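Spelled out from the first residue to the last, the chains are:
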Amino acid sequence: TLAERANLAGVRHIVLVLSGKGGVGKSTLSTELALALRHAGKRVGILDVDLCGPSIPRMLRVQDSAVHQCDSGWVPVFVGQDKAIALMSIGFLLERPDDAVVWRGPKKNALIKQFVTDVAWGDLDFLIVDTPPGTSDEHISTVEALRPHQLLGAVLVTTPQ
Amino acid sequence: ECPGTGSAQAGRAAACQGCPNQGLCAAGAAGPDPAEAAELRARLRAVRHTVLVLSGKGGVGKSTFSALLAHGLAADETKQVALLDIDICGPSIPKIMGLEGEQVHQSGSGWSPVYVEENLGVMSVGFLLSSPDDAVIWRGPKKNGLIKQFLRDVDWGEVDYLIVDTPPGTSDEHLSIVQYLSATRIDGAVIVTTPQEVSLQDVRKEINFCRKVKLPIIGVVENMSGFVCPKCKNESQIFPPTTGGAEKMCQNLSVSLLGKVPLDPQIGKSCDSGQSFLAEAPESPATLSYRNIIQRIQEYCEQHHLQEEKIM
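Sequences listed follow chains A and B, in order.
Note that the first sequence covers residues 1 to 161 in UniProt numbering.
Note that the second sequence covers residues 1 to 312 in UniProt numbering.
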């Protein structure tokens with residue numbers, strides 16, 4: 001739909017950060033990649049689709065932030081030294097940070113779709129998508145929702161063992 | 001009043017009528033229906049103790065711990081131990097137990113677990129794949145179906161300890177195992193973490209999940225807790241506990257800290273080669289820690305049993 005395209009229409013490249021294995025440094029890499037690209041003068045956004053274990057807000061010191069709505073959808077939280085990196089994470093939607101998001105697949109899928117289509121990203125050179133471990137609902141839904149857009153590709157993270 | 005999105009009544013309670021989420025909650029399928037519950041109860045009747053190994057965070061050592069717990073308990077040859085791996089997307093147990101390439105056999109009484117020792121049987125989706133690199137790209141409902149099959153169709157026989165290894169998170173697999181096992185009884189959960197805050201913040205959620213579904217918490221294990229260099233004997237904090245580590249978290253949340261296990265490169269090597277770290281490195285400080293933790297878990301389970309018998 002026009003609305004769906006609109007919120008991502010200004011995003012030039014989308015990079016997925018994947019693993020399969022947990023705890024190998026996906027969120028760490030996503031954060032560092034975003035910061036490095038920003039440092040190189042690019043316009044950057046991060047989409048954190050790890051619904052059960054959202055790590056990005058803490059890594060960028062915005063774990064206590066809240067999100068707001070505007071006419072075109074949700075306004076991302078702006079982070080980084082110059083507050084120029086746009087971040088959306090379910091971490092911002094929790095009433096208390098220790099609240100567990102105990103959702104089955106269908107509900108996770110619905111939220112991910114919203115995250116992809118309803119966030120007012122604006123014009124970005126890069127949107128980095130951080131994912132949870134595995135090859136399940138979050139991954140299937142994210143790729144499906146992003147398919148009509150400029151999906152640059154995936155970076156896979158691992159450790160040596 | 002919303003019954004709660006994770007409850008057995010999700011989407012089905014009177015209060016759900018008209019709620020925009022009703023379809024989603026109901027689609028999740030609450031739990032086994034009475035006939036299924038009876039079937040599961042019958043199949044699991046001969047299981048004396050069940051321990052879930054959880055985290056919330058990935059890569060902290062759940063599977064490593066589950067495997068060592070199983071080996072540790074099975075060292076007593078009079079005990080029958082079962083290890084069930086419900087990490088459908090990333091099943092690590094077959095490799096860690098040295099069982100890669102094994103297949104599951106069917107018999108008249110159901111699926112046969114793969115035996116490492118006579119008294120240690122293992123089941124994992126890993127045994128059902130034609131190739132170890134095959135990705136299992138399943139949505140929640142299909143994963144739930146397989147977990148139910150693991151509980152209903154595997155002929156575990158008489159089991160003293162059923163250990164269930166889980167994937168990271170608080171989602172389908174976790175809800176399902178708790179709901180399906182409600183047909184029998186879970187002694188409790190062991191929650192694994194590493195010392196840094198990025199792990200602890202996910203683990204606090206897992207502790208809240210346990211409380212939400214009324215799953216007793218046996219305690220927390222802190223892995224990768226310091227590293228002692230074998231050459232200079234200096235201790236380093238590879239994952240510094242910037243917010244007090246598991247110890248502080250356990251104090252704050254009133255849960256038991258079962259123990260801290262230091263980093264030992266041999267642990268990763270043993271996992272990769274499918275050998276028991278406890279057997280390969282009996283003198284390691286990590287082995288000592290693991291053994292103490294395993295003993296505490298055993299004591300918890302036995303005490304539990306005695307208390308229940310008293311009540312009955």
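If you are wondering where the hints come from, they were derived from the structure by calculation, not from laboratory data.
Please read all numbers here as calculations on a predicted model, not as lab measurements.
Be aware that a few hints might be false.
Unchecked claim - Taking lysine to aspartate or glutamate and the DMTMM-like style, the derived pairs with C-alpha atoms no more than 25 Å apart in a straight line are:
| no. | chain 1 | residue 1 | chain 2 | residue 2 |
| --- | --- | --- | --- | --- |
| 1 | B | 212 | A | 98 |
| 2 | B | 248 | A | 118 |
| 3 | B | 260 | A | 95 |
| 4 | B | 95 | B | 160 |
| 5 | B | 142 | B | 155 |
| 6 | B | 248 | A | 144 |
| 7 | B | 214 | B | 264 |
| 8 | B | 142 | B | 247 |
| 9 | B | 231 | B | 247 |
| 10 | B | 248 | A | 64 |
Going through the hints against the structure:
For the given pair, residue 212 of chain B sits about 12 Å from residue 98 of chain A by alpha-carbon distance, which is consistent with the 25 Å threshold. At most 25 Å may separate the alpha-carbon atoms for a hinted pair to count; residue 248 of chain B and residue 118 of chain A exceed this at roughly 39 Å. Taking the CA atoms of residue 260 of chain B and residue 95 of chain A, the gap is near 31 Å; set against the 25 Å cutoff, the hint is violated. Between residue 95 of chain B and residue 160 of chain B, the direct Cα distance comes to roughly 24 Å. Compliance with the 25 Å bound is thereby established for this hinted pair.
Taken as a hint, the residue 142 of chain B and residue 155 of chain B pair is honoured in the structure, with Cα atoms around 21 Å apart against an allowance of 25 Å. Proximity of residue 248 of chain B to residue 144 of chain A is assessed by CA-CA distance (about 41 Å); at most 25 Å being required, the pair is judged violated. Between residue 214 of chain B and residue 264 of chain B the alpha-carbon distance is near 35 Å, which puts this suggested pair outside the 25 Å criterion. A distance of roughly 38 Å separates the Cα atoms of residue 142 of chain B and residue 247 of chain B; the hinted pair therefore is violated under the 25 Å criterion.
Of the pairs offered as hints, the one joining residue 231 of chain B and residue 247 of chain B is violated, with about 28 Å between alpha carbons and a cut-off of 25 Å exceeded. Under the criterion of a C-alpha separation no larger than 25 Å, the hint pairing residue 248 of chain B with residue 64 of chain A is consistent with the structure, at around 21 Å.
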